[in-house]
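Q: So you can see what is in the structure, the chains are spelled out below.
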Amino acid sequence: MDRKHKRCTASMMDPRVSVISGRLKGVKRVIAVSGGKGGVGKSLVASVLALILSDRQHQVGLFDADFTSPSTHVILGASKIQPLEDNGLVPCVAHGLRYMSIVAFSHDEALPLRGTDVSNVLIELFAITRWGELDFLIIDMPPGISDAALDIMRLVRRLEFIIVSTPSLLTFETVRKLVRLLADMKAPVLGVVENMKMRESTFLARQVAAMGVPYLGEIPYDPKVEDALGNVKLLRETVFARKLSEIASKLESCP
Amino acid sequence: MYMHEWALAEAVVSAVSQIAQREGLKFVSQVKIMVGELQQVELDIFEFALTQLKSGILEKAKFVLETVPARLLCRVCGKEWSFARNSLARDASEAVHFIPEAVHAYVRCPKCGSPDYEVVTGRGVWIESIKGVQHP
Ligand SMILES: Nc1ncnc2c1ncn2[C@@H]1O[C@H](COP(=O)(O)OP(=O)(O)OP(=O)(O)O)[C@@H](O)[C@H]1O
Ligand SMILES: [Mg+2]
Ligand SMILES: [Zn+2]
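Listed in order, the protein sequences are those of chains A and B.
Per the working numbering, residue 1 is the first one in the first sequence, and the count goes up by one each step.
Per the working numbering, residue 256 is the first one in the second sequence, and the count goes up by one each step.
Relax, there's no trap hidden among the hints.
Using C-beta positions, here's what the derived DEER-type ranges look like:
id, chain 1, residue 1, chain 2, residue 2, range
1, B, G311, A, V239, 52 to 62 Å
2, B, V331, A, L150, 21 to 31 Å
3, A, D184, B, E383, 33 to 43 Å
Since the hints were made in silico from the structure, they are not lab data.
By construction, the Cβ of each residue, glycine as well, lies at the ideal position given by its N, Cα and C atoms.
The whole structure should be built from the sequences, with the hints applied where relevant.
A: Dropping the structure here:
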């Protein structure tokens, strides 16, 4: 081989990563619904927020990025979620939302994945999913600062975060760390939602304000939610949805 | 309607162009691509898509595709085995085609039944090497 010729070993280069930002080109805002702890209501907030924004005539996508315990399809009662193969994958439409979940591929089976597998799935899905033109892509994030969450932050540079917390000191402890980490990573935080409130307390609101992060509002523990799961009509009528609706207005008016 | 292979080809073309520019190539003469068996990529369609999508710095590039057998290794008992494409039902096979990791939902270690195994080789599409001519 003469000097003009060059052979580069490209084995470090994952071809899929290079197309991800292009795939999200038509998406105006990507909102990651995250939380410091499990079970605080991330999936419920992500799903109902997506419905509310869609009811207000926005084009909305919902991506369930929790591969270990996907739950938005249960919340929405979405049964036929097969994407369409067309130059990649076109998400199915569920109750007006462009919807993507790992359940389309794992069906009813458990999908035990290691960290590198999860990274691979995330890269593959971001690389082949054609979201098209969207006002909002809502991502139901995997827990806290797991490998998977870090991967999404790396792959999608324009995430805006909503952090869901309960009123508990224990939840706030992890939220505090998450907020610091996001600040270090220069990721914008839209604010904290206080979910499952059971009694009057200003603890979380004060703590959040002290960190210089917007307190977006509170949602009470709503006993009607359980029976509304899987039925979007009933979900829309819950106190949960009404309170989240006020929070959604604040998000709409952000940049 | 184009198959999913077109999206993979788009990714390869975009990545190769980026690498070639970074490495200061004037044009790319050959790209070697490894295609893992697990993903069951339709080679004809994939190759056709690559030749249709190439342009600019890749105009003259020749794509060499090589299939890599899928080998699975159990983390629990150490058993190593090959993935047999026709062992899956149609739905499962299609899922693995889009998301190779979905294999963990459908295939168990043939010796101990564990879903905790590693895909050692042959997962998906990979760029192995790029040959080209540098700017003088
Ligand atoms: N405000 C509320 N009132 C009543 N029930 C609620 C409320 N918020 C959430 N829930 C319920 O609490 C449970 C946990 O909510 P959800 O699954 O959304 O949490 P999560 O943070 O996504 O959990 P995970 O960390 O497992 O993904 C669900 O059964 C949900 O219906
Ligand atoms: Mg959840
Ligand atoms: Zn085994």
